[in-house]
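J.: For the record, the sequence lines run as chains S and Y.
The first sequence begins at 13 in our numbering and counts up one residue at a time.
The second sequence begins at 95 in our numbering and counts up one residue at a time.
Calculated from the structure, these hints are not laboratory results.
None of the values given here were measured: they were computed from a predicted structure.
Glycine included, every Cβ here is placed at the ideal spot set by N, Cα and C.
Take these hints with a grain of salt, some might be off.
Stated by the list, open to error - Facing chain Y, according to a computed beta carbon distance under 8 Å, are these residues of chain S, among others:
{"hint": "1", "residue": "92"}
{"hint": "2", "residue": "163"}
{"hint": "3", "residue": "185"}
{"hint": "4", "residue": "204"}
{"hint": "5", "residue": "205"}
{"hint": "6", "residue": "327"}
As the list claims (entries may be wrong) - In silico DSS-like cross-links for lysine-lysine, where the CA-CA straight-line distance does not exceed 25 Å:
{"hint": "7", "chain 1": "Y", "residue 1": "396", "chain 2": "Y", "residue 2": "381"}
{"hint": "8", "chain 1": "Y", "residue 1": "296", "chain 2": "Y", "residue 2": "204"}
{"hint": "9", "chain 1": "Y", "residue 1": "243", "chain 2": "Y", "residue 2": "332"}
{"hint": "10", "chain 1": "Y", "residue 1": "243", "chain 2": "S", "residue 2": "172"}
{"hint": "11", "chain 1": "Y", "residue 1": "396", "chain 2": "Y", "residue 2": "332"}
{"hint": "12", "chain 1": "S", "residue 1": "245", "chain 2": "Y", "residue 2": "396"}
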Amino acid sequence: MKIRNYWNLRDWGAGIWERANRPKRIAIALTSIFLVGLLPFAGASFLATPIAAYDAVLVYPVGIFVLMALGLNIVVGKSGMLDLGYVAFFAIGAYTMALMGTHTGLNTWEIMPFGIGFAMLAGVLLGLPTLRLRGDYLAIVTLGFGEIVRLVVLNSSWSKGPNGIANVPMPPDIGPLKFKLDDQKVFFWVVVTMILLTIWMIRRLSVRRPGRAWEAIRQDEDAAELMGVPTLKYKIWSFTLGAAVGGAAGVLYASKNLFIAPEMFTLNVSILILSCVVFGGIGNIWGVVVGATILGYLPDRIRFISDARLLVFGTVLVVVMNFRPDGLLPRKKREKAIVKKEVNA
Amino acid sequence: MFSVLIDQFWSLTIAGIALGFIYVLISLGYTMVYGVLRMINFANSEIFMWGTFGTVVTNRDIFHYTQTSEPAHGFKLALVLITSLLMSMLVAGLTAVFVEFVAYRRLRMKGTNRLATLISAIGISIALQEVMRLLTSSRPVGSPRVLEKIILTEVWGANIRLDTVITIIAAAIIFFILERFIKLSRMGKAIRAVSQNEDAAKLMGVNLNRVITTTFLVGGLATGAAGFFYITVFEYTKFNIGFTMGMAAFTAAVLGGIGNIRGAFFGGLTLGLLEVYASAILGTQWKAVTVFIVLVLVLLFKPNGLFGEAVQTTRA
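Here chain Y stands alone, though its shape is the one from the complex (with noise of 0.2 Å):
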């Protein structure tokens, strides 16, 4: 049973850490609009699967790369990335910018109770995830190979391939300059005062509603973001991989602090790396019951997560 764990430590902590990643990204989408509306983005994991597919159509349609076309090389290469993740970042924000415009703003304006607002996000949620199922007639959806997946290097036993090594790499820094941009320029401090104290910010001239949709766009091309890496990953995609990503990236921003921008890094990356153990302990069709046990586990003993909640006061 713990053979698997030993045998291929290495290689197995090099495939979680890249998981762990596309988690960050994720969790982000989750975490920043939960700092701002306190309230759980429910449409994330159907912006993420949105996502998957802006990158397949990218390679597929405006590249025209087929399942058995040869990988792409040097400059062509780096160009095709370029342009998927940007269609992905692309597809994804516009997405959770759609969401936030027909779910939550007109709710939000009229301060309806938070039930409704939870329910006007499912029902968002099942219907993008829907409008793609009959779009590709439920059946999943292979993306071209662009990126020769090749052995860089060898590390202790574990083969380091070319498309984890870019993950972790461009994951870094896409995860990097959102956390800058949150820091530092005008519209990320104006972001960082709604999540501590809405109405002081309002007062302070602060444009709630651009504020808003910012985050909502932010999110949504972080979790773009993720969505490339996936497809650069695993090469697959279907309507409904949404829920169980969206399931563990949730519990990581859960267990990173909810609201918490760099918990939710350390959240991704620690999720990234359990699930792959576990999977490598239990089988990989106990990943999905891990991952909702630690979500439970950690709601129970430490509801403020690992690194605490970003602002402590909850609005009722």
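This is chain S alone, in the form it adopts within the complex (with noise of 0.2 Å):
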């Protein structure tokens, strides 16, 4: 049990943000955003990638999974429902983009509400008739369906089948910030800036009703319901926000890749951000951060990691779920107790 108190990085880091002031927090706010922002900078240090482009690299996969993995919390962490098809979202928010882009002049930024709210639509669709079911039948019907989602593209003509789309358009530039594909630092900044965006929603619907809500949901869905939650409602809410993350990273991901097929968005992509949420904290915000950055990051840093991508993070889901199934930075304590009280009774 000491050793825990050893690694509670959690608490270290909550006890930091609680004894500063407010013009200290902002302070504290500010100086890590902007050495976030610096992060595409120190290509040629120690950070240097040998796989693939560092710049790159910290788009997709880092940026982009922990965006997801934001978005996947959502739903895992929050609410706890097991979502294994989250790759739907992603793929419906990038095929809107590649369809969108390539048959309309509308530019990205405009296309982005559409896609978020396709992802939406959809979540609401296999929500409604899924989350009244029980925590295993729902992860087996989101993990069909992330698969019937990739069938459909690749077996349709509008989606161009397995060939895929190209010629998907860049976002236009945003002032002096132009983007570029041999230089991607304006993506990765506006990867930071979705991130901020969706933490940032994230932290104010958590102390709002919903958040409460989700909460109840998660410790005991049977005494939510009889204390007045409407849990379906809740839930739905909760999928449906998880699909709105996915489908805007999906709408990004076209639009920086410039050419998608149905190949990427498989189970695998579900499979990673799930092991991304699992390894890093199931429901703690910066958990979630840490452990996509380190899992999107190590597999292009590490060659042996890349080859063997998914038997490591398969792996990693076994070994943290039985060896420290709080993740890396566990969630409150608190919270915490209240589970093991509701087990051991």
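Join these two chains into a complex; the hints should help.
T.: Written out as structure tokens, the structure reads:
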């Protein structure tokens, strides 16, 4: 038990934050954002990646993984539902971008709301029939859904089947900031902005009614229902918000990659994102960010992991669940105590 | 669109029954584990995939058959078939026990929440699949033809082939033996006791750990047998075939009422036929989509399945 206390980085970090007053907090936040923004310039240091270009790695996998892990964390971490088909929303966002980008004159930022909207719509359509189900049924239905979306785009003519869609337009320049393929700093800053927006959204929601409802549902759904929480409604909300983040990530990914094909949206992506959430600490935003950063970055840093990426991630899931079920940075102690009591009873 | 279905109705039906029996055996793996743990064995699809490799390795590396060698006959044929069947069952059974040990046992003893166990099971399932992908370098593996696919007879314009007949008869026998084992043997009674009421069974002196390990083993044996029949009929395997087959078998288990062994039988056959008819009408590329839609519809309108869950009380 004592060893765990040394390991509790979350409380250490939270302690600093809680002791700080408002100006100090703003200073900490701005400095961290500034430092993160400088990351693409550190390519020549020990962070360099031998397998792919460093600034590209920061955007995908690292940035997009963090974004998607945050979205999945709303579903898995906040409200305790296992969604194994998260890649479906990513794919819907990406295909919306690719189809609308090639067929209409709209640019990335104008397509973004459509991508998010279609992903949310899919979330509601899938959620309405399945969110009444118990956890493991939900897991397998979402697993199937993720695969079905891939099969549909693979076998349809509008999506050009296995050939995929090429010539997806890049985002237009924002003032002096130009999007370029060989220098993806601007893409990275856009991803960071989206991540910050998502974190802000989750933090706002967590302390308000939806956050409390999700927490109640996660701990004991029956009790929450009896206490008057409209569980189905909040479960669908959580599912749909997660889908929205996935859709946004998909739009950005298609616009950055310029080409998408069904083989990019396999079940493996869902599993990778789930590993990120679990590894960092289910339910804790900062844990998820750290977990996704490490798991997104390491395969490009260490060649061995790059070949057997999924083997490593699968093993991470088993080992973390068995030996450190709260992940690298666990969520607050108070919440854990309640869960423990329920199990012993 | 429907002409294919009408023209080839009987040959499709026979293919559907053979496929159905393969589903029956795989869904036993899901149903039995669900019966005792109230949890889906996510790794069952990969247990099946490992089982198919049991047969391929036996044919290729123990009996040294190649793609060009002559099919076996007579006594040699029976020897090869039975060895590879046992080998598939052994491989899958051991994999299932391994899964229980690594992914389920520790979490079950600690009594953590269901989410943790689910994630752990998915982790082991991905790891199993990935190990096989690395071993086979992501390539499909063809199995040498050991059993010559002789056409035995023709009924209503449908060819009845030897491999289909063997699959249907042998799978039915294996299912019958397992069903009797669970009904009559001492261990089978213990398994049923645990699935009815875990605490009461424990108080009556049932060794819970042993029962759960045995359940995984028996489920794995059935799934492994399915792997052998799959190879006999399709003569091909790949590291990722588990997903579609597992999804279909799980749907079959839910359709029949998960946790219910007879339900698995009817669910498997129904789904096998349904899938074959649907691919005749819509094309094989939509096979998986049909299965998924069936699953969602069943969960939506009859979540307890056609024959009901074996135990109606659900543990939270």
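J.: Taking only the CA atoms, is the gap from residue 243 of chain Y to residue 172 of chain S under or equal to 25 Å?
T.: violated, 38 Å
J.: When the nearest CB of chain Y is found for residue 205 of chain S, is that gap smaller than 8 Å?
T.: Violated, because the Cβ-Cβ distance from residue 205 of chain S to chain Y comes to roughly 30 Å (cut-off 8 Å).
J.: Once the shortest beta carbon distance from residue 92 of chain S to chain Y is found, is it less than 8 Å?
T.: holds, 6 Å
J.: So if I understand the rule, the pair passes when the alpha-carbon distance is 25 Å or less; does residue 296 of chain Y with residue 204 of chain Y pass?
T.: This hinted pair holds, its Cα atoms lying about 17 Å apart.
J.: Hey, does the residue 204 of chain S contact hint survive, CB to chain Y under 8 Å?
T.: Hint on residue 204 of chain S: violated, closest Cβ of chain Y at ~28 Å, above 8 Å.
J.: Hinted pair, alpha-carbon criterion (25 Å max): residue 243 of chain Y, residue 332 of chain Y. Please report holds or violated.
T.: With a Cα-Cα distance of about 22 Å, the restraint between residue 243 of chain Y and residue 332 of chain Y holds, given a limit of 25 Å.
J.: Under 8 Å is the threshold here; is the Cβ of residue 327 of chain S close enough to any Cβ of chain Y for the hint to stand?
T.: Result: holds, 5 Å to nearest chain Y Cβ.
J.: Was the hint right that residue 185 of chain S lines chain Y, CB cutoff 8 Å?
T.: violated, 40 Å
J.: Verify the proposed pairing of residue 396 of chain Y with residue 381 of chain Y, using a straight-line Cα cut of 25 Å.
T.: Cα-Cα ~22 Å, so holds.
J.: Need the status of pair residue 245 of chain S, residue 396 of chain Y: alpha-carbon distance at most 25 Å?
T.: Holds - the C-alpha atoms of residue 396 of chain Y and residue 245 of chain S are around 22 Å apart, at most 25 Å.
J.: For the pair we were handed, residue 396 of chain Y and residue 332 of chain Y, check the Cα-Cα distance against 25 Å.
T.: violated, 34 Å
J.: Using the nearest Cβ pair, does residue 163 of chain S come within less than 8 Å of chain Y?
T.: Holds, about 6 Å.
Comparing the model with each numbered hint stated earlier shows that hints 3, 4, 5, 10 and 11 do not hold.
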